[in-house]
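Protein sequences, first through last, are from chains D and S. So the first sequence is residues 1 to 188, counted in my numbering. So the second sequence is residues 1 to 304, counted in my numbering.
Everything labelled a hint here was simulated from the structure, so no lab data went into it. Errors might be hidden in some of the hints.
Listed next, the stretches of chain S that the computed footprint assigns to chain D, with coverage defined by at least 3 CB atoms under 8 Å from CB atoms of chain D [to be verified]:
hint : region
1    : 13–19
2    : 32–43
3    : 47–59
No experiment lies behind these values; they were computed from the predicted model shown. Even glycine gets a Cβ: it sits at the ideal position worked out from N, Cα and C.
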Amino acid sequence: MKAFTPPPLRPGIHPRSGLASRVDQGMRRSVPCLVVFFVTLVLSAPLNLPGQVELMPAIVMALVFLWSVFLPVVMPSLAVFALGIWADILSFGPFGVLLLMMLIVHGVALSGRYTLARANFFMLWLVFGVVMAGVTALQWVLCSALALHVVEFLPFVFETVLSFGSFPVLYAGFVWTYRFVVNNADHS
Amino acid sequence: MPVSIQFRQALGKLVLPALILVACGVILLGKADRALVEKLRMRTADLLSPAYALVEWPQEKLRWLSGNLQDIRNLEAENIRLRAENASLRHWYDVAAALADENATLKANLHWIPDNAPDFVTGRVVRDTSGLYARAVLLAINPETAVSKGGIALDGAGLVGRVTEVGKRSARVLLITDSSSRLPVTLEASHAAAIMAGDNSPLPRIIFYPQDNVPIEGERVVTNGEIESLPAGLPVGHVHYLRPGQPVVVPAAALDHVDTLRIFNYEDSIAPPDAPGRVPLPPVGRTMVLPSQFQASPDRGLHG
Chain D
1 MKAFTPPPLR
11 PGIHPRSGLA
21 SRVDQGMRRS
31 VPCLVVFFVT
41 LVLSAPLNLP
51 GQVELMPAIV
61 MALVFLWSVF
71 LPVVMPSLAV
81 FALGIWADIL
91 SFGPFGVLLL
101 MMLIVHGVAL
111 SGRYTLARAN
121 FFMLWLVFGV
131 VMAGVTALQW
141 VLCSALALHV
151 VEFLPFVFET
161 VLSFGSFPVL
171 YAGFVWTYRF
181 VVNNADHS
Chain S
1 MPVSIQFRQA
11 LGKLVLPALI
21 LVACGVILLG
31 KADRALVEKL
41 RMRTADLLSP
51 AYALVEWPQE
61 KLRWLSGNLQ
71 DIRNLEAENI
81 RLRAENASLR
91 HWYDVAAALA
101 DENATLKANL
111 HWIPDNAPDF
121 VTGRVVRDTS
131 GLYARAVLLA
141 INPETAVSKG
151 GIALDGAGLV
161 GRVTEVGKRS
171 ARVLLITDSS
181 SRLPVTLEAS
191 HAAAIMAGDN
201 SPLPRIIFYP
211 QDNVPIEGER
221 VVTNGEIESL
231 PAGLPVGHVH
241 YLRPGQPVVV
251 PAAALDHVDT
261 LRIFNYEDSI
271 APPDAPGRVP
281 LPPVGRTMVL
291 PSQFQASPDR
301 GLHG
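With these hints in hand, go ahead and build the complete structure from the sequences.
What follows is the structure in structure tokens.
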């Protein structure tokens with residue numbers, strides 16, 4: 001199946017698609033997944049940041065959400081699955097819970113993407129907040145169920161609030177990456 | 001094999017639900033086969049632990065520098081405090097020296113069998129793996145060192161936790177504040193045995209203490225030798241009441257900022273010999289623990 005590619009920002013003359021240009025395309029396309037991969041890796045290092053444990057899911061979920069809404073070609077379901085396994089290996093929580101959360105966020109973004117991609121930023125922010133609240137509640141329920149006792153609720157509230165608060169910054173980064181890295185538009 | 005576009009689209013729509021099902025399966029697998037998941041995580045941590053150590057190094061230097069600067073600012077006050085403390089310590093040193101002499105004489109008279117000195121290794125904490133659900137740290141170790149599961153981790157001041165998983169280059173230490181940590185302890189002043197139960201908060205609770213012998217505010221808490229790999233008398237902390245009827249232990253170890261740990265191996269310490277049909281004698285080197293109602297207290301003799 002030929003994947004849908006969005007039209008370039010500046011239509012006009014394009015270089016011929018040789019091997020070099022295909023390698024270039026591939027590298028640009030792999031940037032979103034690589035960013036998620038390295039964010040997970042770096043935030044598992046002992047940086048002693050306050051709220052580091054909660055920051056990792058917040059950033060990863062926002063990136064998966066944004067790329068799935070605007071350009072699912074570069075964030076396919078299988079890649080989300082692999083990244084979820086990676087995140088679960090690096091975090092010492094119950095295995096598979098982060099993976100399930102990422103897949104759910106990805107699925108919600110995919111199913112609503114024709115509405116969400118046209119909505120303005122604040123609408124997008126609100127929807128992401130609601131999705132995060134739901135997913136974090138699910139995480140709390142799963143963690144409690146797997147630990148066989150009710151785990152403390154406040155860290156999960158903090159995780160939701162943190163992801164909600166960090167969304168605008170991540171959105172700005174996403175827009176920049178989308179325009180100048182993935183979509184192959186020149187700076188000039 | 002040529003397939004129609006509709007079929008392909010239907011297949012494409014099935015990928016995500018299938019993956020979600022697989023994820024549920026992964027959760028169940030992780031619950032069912034703990035060892036597999038732990039092995040996977042320890043392998044990854046082993047691979048990454050040099051990188052973690054690299055990240056830790058500048059932070060440590062920075063902490064050292066800022067600590068130094070602060071020390072310089074408080075030099076005067078610190079000096080005065082240290083002089084006072086030194087005077088008091090000198091007194092205690094005399095007392096300790098006298099007691100050590102007396103102890104040596106008594107032991108010589110009693111043909112005392114000395115305790116084995118436990119062997120230990122010291123390692124640097126490379127990562128705090130405490131999450132929303134657990135309190136644990138990851139320790140970098142040499143591939144040659146013999147750190148085994150069940151090793152006891154202490155810092156300069158007291159008990160920190162126990163080794164739960166060992167990889168090639170790293171070991172995971174479950175802190176005493178983790179919600180799955182349960183340790184038998186002795187309260188030194190009231191002579192009561194109790195269980196110290198972590199609950200992921202910085203102050204583990206004291207549970208199962210005798211109701212007629214409640215913990216006293218401020219008394220020292222030490223381990224008691226109820227379990228094989230943990231000897232009696234290691235310092236844990238002191239008792240504090242958060243509110244009436246809710247005693248907790250304030251850990252002596254700095255658990256919020258663990259950087260260097262010693263792992264002791266008490267595995268081959270004292271185990272009672274097998275004696276079928278006989279009541280086992282109290283192990284050598286430890287006093288017999290009497291039930292609390294028979295315990296001698298200073299003001300009341302053994303027989304009341």
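Per-stretch coverage check for the region 47–59 of chain S, three Cβ contacts closer than 8 Å to chain D: Since three or more residues must qualify, the claim that chain D covers the region 47–59 of chain S holds, with 6 doing so at under 8 Å.
Whether chain D covers the region 32–43 of chain S (at least 3 residues having a Cβ closer than 8 Å to its Cβ atoms): Coverage by chain D holds here, the residue count being 3 at a Cβ distance below 8 Å.
Residues of the region 13–19 of chain S with Cβ under 8 Å from chain D, three needed, outcome: holds (count 3)
Checked against the numbered hints listed earlier, the structure breaks none of them; every hint is satisfied.
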